[in-house]
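Colleague: Build out the structure end to end from the sequences listed, making use of the hints.
As you go down the protein sequences, you meet chains A and B in turn.
Mapped onto my numbering, the consecutive letters of the first sequence carry residue numbers 1 to 114.
Mapped onto my numbering, the consecutive letters of the second sequence carry residue numbers 1 to 116.
No lab work stands behind these hints, which were simulated from the structure alone.
Hints may be right or wrong, so weigh each one.
[Stated by the list, open to error] Straight-line Cα separation of at most 30 Å, DSSO-like style, residue types lysine-lysine; simulated pairs: (1) A:K16 - A:K38; (2) B:K78 - A:K3; (3) A:K38 - B:K17; (4) B:K11 - B:K78; (5) A:K38 - B:K78; (6) A:K3 - A:K38; (7) B:K17 - B:K78; (8) A:K3 - A:K70; (9) B:K15 - B:K78.
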Amino acid sequence: AQKVTQAQTEISVVEKEDVTLDCVYETRDTTYYLFWYKQPPSGELVFLIRRNSFDEQNEISGRYSWNFQKSTSSFNFTITASQVVDSAVYFCALSSLSGSRLTFGEGTQLTVNP
Amino acid sequence: GAGVSQTPSNKVTEKGKYVELRCDPISGHTALYWYRQSLGQGPEFLIYFQGTGAADDSGLPNDRFFAVRPEGSVSTLKIQRTERGDSAVYLCASSLTGPSGANVLTFGAGSRLTVL
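Modeller: The following block contains the structure:
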């Protein structure tokens, strides 16, 4: 069975602070995919990134960066210089190679205060 | 359409009633998914369609839940004899191809179901 754990239920920061959202996963698959989605108050989940299990290179996209560490089964997400518009619920998710389903964590509610 | 469209956005019903929730995926997307999101939780998989057929319905909680996609485009999630525990946001998503764990899903805004 697959499992995704996001231990931080809520995080509150002040604008311009850096913030890291943690994600730990469990799977018996050797090939799998990891995702991050953002859910703003409108409710629509927005895709942020996908990584496959063979690619452990960290990735940076603007103020966003992701740290994938297979040895610790973690896929953490950092927002640099946070902005109020970053306020949302962020979900980490896991899928097997041929899977038709995503297994989501419970999400982290990020609030960025001005 | 430009995105995944779900109707109604909100539905309030009484316990025991029948409910239908509709999803209109992105044009050309062959794969369609339904997820359920309870308050404060992550989305949970319900069912996956590839074309017209339900390729994986193992997430449906019981036989009160049923979904169809008769022409391989629009899908309807049907819930019979609703219970208060069915209250949740029902999310629909679509992807260009399937099945593959690499698929990037595009989600709709959801249908919020409240069972009184």
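Colleague: Next, verify each hint and record whether it holds.
Modeller: Verification of the supplied hints:
{"no.": "1", "hint": "A:K16 - A:K38", "result": "19 Å, holds"}
{"no.": "2", "hint": "B:K78 - A:K3", "result": "28 Å, holds"}
{"no.": "3", "hint": "A:K38 - B:K17", "result": "33 Å, violated"}
{"no.": "4", "hint": "B:K11 - B:K78", "result": "13 Å, holds"}
{"no.": "5", "hint": "A:K38 - B:K78", "result": "27 Å, holds"}
{"no.": "6", "hint": "A:K3 - A:K38", "result": "19 Å, holds"}
{"no.": "7", "hint": "B:K17 - B:K78", "result": "11 Å, holds"}
{"no.": "8", "hint": "A:K3 - A:K70", "result": "15 Å, holds"}
{"no.": "9", "hint": "B:K15 - B:K78", "result": "15 Å, holds"}
Of the hints listed earlier, the one the structure fails to meet is number 3.
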